[in-house]
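With chain A fixed as given, assemble chain B onto it according to the hints.
There are 2 protein chains.
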Amino acid sequence: MDPVREMTQIGQRARSAARQLARVSGAAKNAALTAMADGLLRGAASLRQENAKDLHAGQEKGLSAAMLDRLNLTDARIKGMAEGIIQVVALEDPVGEITGMKPRPNGLLIGRMRVPLGVIGIIYESRPNVTADAAALAVKSGNAVILRGGSEALNSNRAIVQILVEGLEKAKLPQDAVQFVNTTDRAAVGALLSMDRYVDVIIPRGGKGLIERIIAESRIPVIKHLDGICHTYIDQDAHPDMAVTLTLNGKMQRTGVCNATETLLVHASMAASFLPVVGQKLKETGCVMRCCPESLRHLAPLGGIPATEADWDTEYLDAILAIRVVASLEEAIDHIEKHGSQHTDVIVTQNHARAMQFIREVDSSSVMVNASSRFSDGFEYGLGAEMGISTDKLHVRGPVGLEGLTTLKYIVMGTGQTRG
Amino acid sequence: MDPVREMTQIGQRARSAARQLARVSGAAKNAALTAMADGLLRGAASLRQENAKDLHAGQEKGLSAAMLDRLNLTDARIKGMAEGIIQVVALEDPVGEITGMKPRPNGLLIGRMRVPLGVIGIIYESRPNVTADAAALAVKSGNAVILRGGSEALNSNRAIVQILVEGLEKAKLPQDAVQFVNTTDRAAVGALLSMDRYVDVIIPRGGKGLIERIIAESRIPVIKHLDGICHTYIDQDAHPDMAVTLTLNGKMQRTGVCNATETLLVHASMAASFLPVVGQKLKETGCVMRCCPESLRHLAPLGGIPATEADWDTEYLDAILAIRVVASLEEAIDHIEKHGSQHTDVIVTQNHARAMQFIREVDSSSVMVNASSRFSDGFEYGLGAEMGISTDKLHVRGPVGLEGLTTLKYIVMGTGQTRG
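As given, the protein sequences belong to chains A and B, one line each in that order.
For this note's numbering, add 506 to where a residue sits in the first sequence, where the first one is 1.
For this note's numbering, add 506 to where a residue sits in the second sequence, where the first one is 1.
Hints are computed from structural coordinates only; laboratory data are not their basis.
A hint or two may mislead.
Put simply, identical chains are the same to the list, so a pair is met inside one copy or across any two.
[To be verified] Keeping only pairs whose Cα atoms sit at most 30 Å apart, straight-line, the calculated DSSO-like set for lysine-lysine is:
{"no.": "1", "residue 1": "Lys676", "residue 2": "Lys789"}
{"no.": "2", "residue 1": "Lys844", "residue 2": "Lys559"}
{"no.": "3", "residue 1": "Lys789", "residue 2": "Lys844"}
{"no.": "4", "residue 1": "Lys678", "residue 2": "Lys844"}
{"no.": "5", "residue 1": "Lys730", "residue 2": "Lys915"}
{"no.": "6", "residue 1": "Lys789", "residue 2": "Lys730"}
{"no.": "7", "residue 1": "Lys844", "residue 2": "Lys567"}
{"no.": "8", "residue 1": "Lys915", "residue 2": "Lys844"}
{"no.": "9", "residue 1": "Lys789", "residue 2": "Lys567"}
{"no.": "10", "residue 1": "Lys714", "residue 2": "Lys915"}
{"no.": "11", "residue 1": "Lys567", "residue 2": "Lys714"}
{"no.": "12", "residue 1": "Lys730", "residue 2": "Lys608"}
{"no.": "13", "residue 1": "Lys730", "residue 2": "Lys714"}
{"no.": "14", "residue 1": "Lys567", "residue 2": "Lys787"}
{"no.": "15", "residue 1": "Lys585", "residue 2": "Lys730"}
{"no.": "16", "residue 1": "Lys559", "residue 2": "Lys676"}
{"no.": "17", "residue 1": "Lys844", "residue 2": "Lys585"}
{"no.": "18", "residue 1": "Lys567", "residue 2": "Lys585"}
Isolated chain A, as found in the complex:
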């Protein structure tokens, strides 16, 4: 079928399913999710079979070992998907909560009710577990979802979605609440991004290239996750051991993730005492240090190399750290404003006033005092699960949990009031 016509039909069915799903009870949604988790566990063997087709095709196509690993659905990962869904079951239903009901002088009671967004389009790359994660969050928050996965995972994703849809059916929820774009035709994505009548928001999950293409093309609002150029700033009143620990953890606990620290800023008065200590540890863990002239004085003996201007604007996603000495908190904040990506930034300090100034003045989705940047994460924040981390300012910033997939409508309770 013509991809535009097919996507339109998917969109219409999703809109209709979303209307039904918005009205069902939390118990019914949880029953569907539980059936989905159960289905994934019971269907593990067939999932692995379908996944093997994708792995085989990936090998033929010459995918990298890392890509093949991400594509691989082991029994442990299938169990992980099921457990992820069960965690979503345990979360409170966000839909229907009424807040802020206050009386106006004329007796009207006015407040807001939390409601689903409607239809969410997810466009993602190779990891098939996104299929289950995203669908579970969408269903729990009362939204219908249209899933468009990567071509290399087509068989795996199709098999997962089939199990998810069986879960919807078992709980008597509309099966069109979770739909899968069963084609690798690129025109289908274009059609999806233009259906503002049927799709309320697009959430891309994948590399920067994918996200930038989608932003450029989409006529539908996009909740996007771009760079994570995260900073850790060591204030003059930082606890010395904590400064070392948080730098190491922020940079090296896991390097290929968006909330890893990419740039270390150090107050000038700390440079001589702190840099040799942290430098030694970074060297021991295999981290490359790209240094400003001042920090290089302390770190060249430990293998530090000169940074270029481009380093301050680079998301390494690797065991590389840019290091810069600054004269003041203000200079640190200016650096973060100029070079950061408004994702996550950390100050290490025992000084209350500077902690609060950093919190107030750094305009990032997460601003932290005395904690590792690696905590910037929906699970760590207690959201239970996340659809990604938004680097947008509108609608939702930072980890996107169930609340980020809902909106508030005004409700007004009167007794016949008229406007004069």
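Just chain B, lined up with the frame of chain A:
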């Protein structure tokens, strides 16, 4: 100067001003607003002079009497602008509020802080008072604003902005926090809509044509206000007098506004008793009644005429009411879903279960029980002022007050926690 280059400079200055404005105290912002209001009152004579130029040019151009009236800055309207700003002074500063700080098991305290969006671009049509209203809300919420008014009000708007900027200067706030696009060159709008680096959100205020052009062209998120096709539904358990009063008030209290009722839905069991009574009143107030076949049986004697399919999808903004008899609440909700614009919809009923079903199931920015649709308004909701009414689902729905011009960032307070 080349409009793209000029707009880029305006954008850069706005970004810089926004950073400063985000950090200033509520007292400083209020001092600036008070000076602005004072300046408008003291500058009334010169404002009227500049306005006279626009009025003269408008007459030459053959603007309609209605357009000329909207353009006209009388002393009363200048006073109204000043009073509007003073009302904004009285509102609580939304910036810096911290909510939801909760401890995680590892001792991290995690919550959110309300912060400005940054730079707001406002593109509006003829009424010059929007200049003062929008600037006041932007400054109070800590945002810089770039104002692009209609060409027919160029002199008036420029004079108003000059006074507003003097107010900023008096309070020692950055004068680039309020900037005016002092050209009627259409390329300037194109440039503004493409500066996603310097502008965080675009808010258009004007007719549907303007808004649709902006949505199509903008690379920046738009908070938009499209149609107001509002419904009032008379349930079988409606109080008869209240049903008449709310219909009349919703439709006729003011007809040219987005929250006027455009379609009346009536439960079949109420048709015979209610329609002749409300029809008589509508007739007396000069309202045209466009009726479905069933309602026409009751209203033809009072001048009702047959509706066409197009009537259900029309925002009249006039003394015209579409009237339809429905068999059930479900049919009413289906009609609203199919034909409404998700703006404001009302049920009139004494029945609790159906009131709550309507509240839950109607997916509009405002859903009301036993109140006139005309209440859908920032002032009436207690927001103090509004930048418009959002018919979007993301970020903000319904009246856009100070909160809608802000966002939440996560803040994390630790004691050296690392991720394991």
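Legend entry - In rising order, the numbers of the hints this structure does not comply with: Of the numbered hints, 1, 2, 6, 7, 9, 14, 17 do not hold.
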